Amino acid sequence: GQQLNQSPQSMFIQEGEDVSMNCTSSSIFNTWLWYKQDPGEGPVLLIALYKAGELTSNGRLTAQFGITRKDSFLNISASIPSDVGIYFCAGQLGNTPLVFGKGTRLSVIA
Amino acid sequence: SQTIHQWPATLVQPVGSPLSLECTVEGTSNPNLYWYRQAAGRGLQLLFYSVGIGQISSEVPQNLSASRPQDRQFILSSKKLLLSDSGFYLCAWSVTGSWGYTFGSGTRLTVV
Chain V
1 GQQLNQSPQS
11 MFIQEGEDVS
21 MNCTSSSIFN
31 TWLWYKQDPG
41 EGPVLLIALY
51 KAGELTSNGR
61 LTAQFGITRK
71 DSFLNISASI
81 PSDVGIYFCA
91 GQLGNTPLVF
101 GKGTRLSVIA
Chain Z
1 SQTIHQWPAT
11 LVQPVGSPLS
21 LECTVEGTSN
31 PNLYWYRQAA
41 GRGLQLLFYS
51 VGIGQISSEV
61 PQNLSASRPQ
71 DRQFILSSKK
81 LLLSDSGFYL
91 CAWSVTGSWG
101 YTFGSGTRLT
111 VV
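Respectively, the protein sequence lines represent chains V and Z.
Under our numbering, think of the first position of the first sequence as 1, with each following residue one higher.
Under our numbering, think of the first position of the second sequence as 1, with each following residue one higher.
Heads up, some of the hints might be wrong.
Example chain V residues on the side facing chain Z (calculated, C-beta under 7 angstroms, incomplete) [said to hold, decoys possible]:
1. GLU41
2. LYS102
3. LEU106
Chain Z residues, not near chain V, derived (Cβ > 12 angstroms throughout) [claimed, not checked]:
4. GLN6
5. SER17
6. SER20
7. GLN62
8. SER67
Everything labelled a hint here was simulated from the structure, so no lab data went into it.
Note that this is a predicted model, so its numbers are computed, not measured.
Here a beta-carbon is modelled for each residue, glycine too, at the ideal position from N, C-alpha and C.
Chain Z on its own, in the form it takes in the complex:
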């Protein structure tokens, strides 16, 4: 069966420090991968998505970047965190032609 792993679960980072959040999917090939951010326990904002290795689509220009070095690995990065980067980051996957996304358990990022 397919599973999605996201880590770390929580992270406290100082302003100006780098960020790397990792997401991996098991049990499927060539998934579509997504990074969402959720602020204040409410709406889901799509940040990046990828339909294949090395392919990244950015939805919102900001202080973050994403990479997909392997088929089932999706990384969210920042060179210098801002206070406004705090939030709950969710990774998700889907398969083209099927419905719905499966979400990971999220990373709570607090920038101090």
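So here's chain V without its partners, still in its complex pose:
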């Protein structure tokens, strides 16, 4: 089946630094989504992207839907301790189930 390559697998950053993570796919999607999972909880949707080239912000988060429809990135500016968690990208084509990346584990050092 389809697979998403998400990188990096983990990041250790200082509080206040910016963070960037990305996902690539061998096939196209028409929706890209970014989720965050806090420890012991279910993932929560952060940003949804519907159109190739679209750039969307949600507070300190910015995400882009790649022009080829095969990639997406998520940036977090000025990280804070509560940004800690696992970030997942997900792609969807039509009504097929979402395909998830393996996640990026973010640790923030105060």
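Fit chain Z to the supplied structure of chain V, relying on the hints for placement.
Then chain Z, alone, in the frame of chain V:
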């Protein structure tokens, strides 16, 4: 507003025992329902999904089964648990034509 309930939150079961995890959704009709498993705090593996009552699609053949006896109820079962069934099980729902899934808070299953 829509809510999703998943229980129990944690479960410790011996090898060979049966399993039943339940998920219910409120505030919407005819949702698409999903069961995911997450091992070792990392990737989400789709196990089953359902687009209607009595309809189940299995993504990965394994020791588990799913049922949808009512429109907003999704059950994950096993007749005999294996050690490898341990993990974090997540239920999710979506509506056809809209984007994204909403996840429940998960069940941490430990098979001993």
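These are the hints, each one checked on the structure:
1. GLU41: Since the shortest Cβ distance to chain Z is 6 angstroms, the answer is holds.
2. LYS102: 4 angstroms, holds
3. LEU106: With a closest approach of 13 angstroms, the LEU106 (chain V) hint is violated.
4. GLN6: 8 angstroms, violated
5. SER17: Correct as stated: the minimum Cβ-Cβ distance to chain V is 23 angstroms, above 12 angstroms.
6. SER20: 19 angstroms, holds
7. GLN62: 15 angstroms, holds
8. SER67: Given that every Cβ of chain V is farther than 12 angstroms from that of SER67 (chain Z), nearest at about 18 angstroms, it holds.
Hints 3, 4 from the list above are not met by this structure, while the remaining hints are.
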